[in-house]
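A.B. asks: Start from the sequences and build out the full structure, keeping to the hints where you can.
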Amino acid sequence: MSRKESPRHPSGKSSGSDATGAEGDTRPRSVVLKLSRLVTGKAFNRYGYSLFALFIFLSGVYFGITYLPADGPHSSEEAKEKEFSGEIEDRTVLPSSRPEDFFPASEFRPQAAILIGCQNNLNVTPELYVDIAKAIDRRVPLLGVVNTEAQAEEGVRLIREYGLPGDAMRFVVLPSSSMWIRDYAPMILRYDSERSVMVDAKYHTRTMRENRKKDDFMGFDLARMLGLPLRSIPIVLEGGNVISNGDGMLLTSVKTVLENKKSRYERDQIMHMFNDFLGVNSVYTVTPLVGEPNGHTDMFMTMVDKNLAIVGEIDPMVDPTNSAILEANAKFLSTITTSAGPIRVRRIPMPPRWGEHWRSYTNVIMANGVLLMPSFSGVDPEIEARAEAVYRSSLPEGWVVKRINCDKLVNLNGQLHCISYNIPGFVSIEGLLRKAKPIMTVIE
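Mapping of the sequence shown onto the numbering used here: position 268 corresponds to residue 370, and the numbering continues sequentially without gaps.
A portion of the hints provided could be inaccurate.
Unchecked claim - Estimated spans, in silico, between C-beta atoms of each pair:
#	residue 1	residue 2	range
1	R455	S295	43 to 51 Å
2	Y293	Y264	36 to 44 Å
3	D417	P498	29 to 37 Å
4	Y386	S495	21 to 29 Å
5	N222	E429	34 to 42 Å
6	S495	Y293	33 to 41 Å
Worth flagging that the hints you see were computed from the coordinates, not collected in a lab.
Just so you know, these numbers come straight off a predicted model, no measurement behind them.
For glycine and all other residues, C-beta sits at the position ideal for the given N, C-alpha and C.
C.D. replies: Here is the structure:
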């Protein structure tokens, strides 16, 4: 009887008899030994690496069970989040969200804090910062941004020497190159009911080559202090050139489109990125002032409600070109409809230029019920009174308007809005306050 055929090897070859030369194998022993080595080598090639990988896997499982804590992070993402939150792990729970929180925040809504760019200007214009602290009068935590611990201590001494309480203005170290924090600080919005996100745009100065990298990177340090993730939007966008009505609508000047065309972004691409990264429903562009070096919207307009815009006005006899531009911008805004209805436009006088320097009454700070309006030497008091009256009649009941002299800022081509940054009311600032000087025993 013939022998039953042996099972087929997975390779398709018969397994045959024992490779060491079983009974009935008539091949020479040297041939059998060579075949043995060949078969053994092929078997290892086929199974050896798999067995080795299995050994590594089982070793890893044993190590994990033996040495890793049972309550530790269960993924690399959790580990990163744990490391990132670090010192602010026990921060308070954020308040429940409102629909407006999911859009770039408007400045007329409640604020958690306001940052003021100080840097090396602190000892140049100390009265400016003292005036701001006095005017806000602790309606909202006010934090001066400085580059070093020594500057922070200098700020603390300044506030004390002017007889103000220590928490009238505290100081936090966030290294940056300039005091124009409005332009380079990230925007903040919610991305779900419990968490918020910072969105950071590329930042370049007007020359596009000036060495201001610290400004561009400051957002990373701020995000860490606030315990917020940071997302980058790949377009050039300066905060002074963005106005949000807090309800899904953004206004910017055509400068934003022109700057990003240098990176070969077309207008539609830019608008889509606004929607994708900021969640806004609509973006409108207006024409900036001719001759004004920044090209920013905050130099000639602001919003004090979802559908109420304040737009500058220039006498056509003084400057016919920019008078016409502002007139056209005002008419255009009045055609836009928001969730609260069509935009209502109120006009506010523009103060005359100071030589080559522009001045504006729309470059304001809004701080939980107080509006700080720039004031200038040498301007007809009637003009400033009219400007203040526009705000008093436009703001909700209970708001107050206070003037801050901005002569020295004007010489640097900026004003109040340019050196300020609003942190929305739904953001916890505990991590920021822990780093601020002077150290306060109790955080109110």
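A.B. asks: All hints are to be evaluated individually against the structure, with a verdict given for each.
C.D. replies: Now for the hints, and whether the structure bears them out:
{"no.": "1", "hint": "R455 <-> S295: 43 to 51 Å", "in the structure": "holds, 48 Å"}
{"no.": "2", "hint": "Y293 <-> Y264: 36 to 44 Å", "in the structure": "holds, 41 Å"}
{"no.": "3", "hint": "D417 <-> P498: 29 to 37 Å", "in the structure": "holds, 30 Å"}
{"no.": "4", "hint": "Y386 <-> S495: 21 to 29 Å", "in the structure": "holds, 25 Å"}
{"no.": "5", "hint": "N222 <-> E429: 34 to 42 Å", "in the structure": "holds, 40 Å"}
{"no.": "6", "hint": "S495 <-> Y293: 33 to 41 Å", "in the structure": "holds, 37 Å"}
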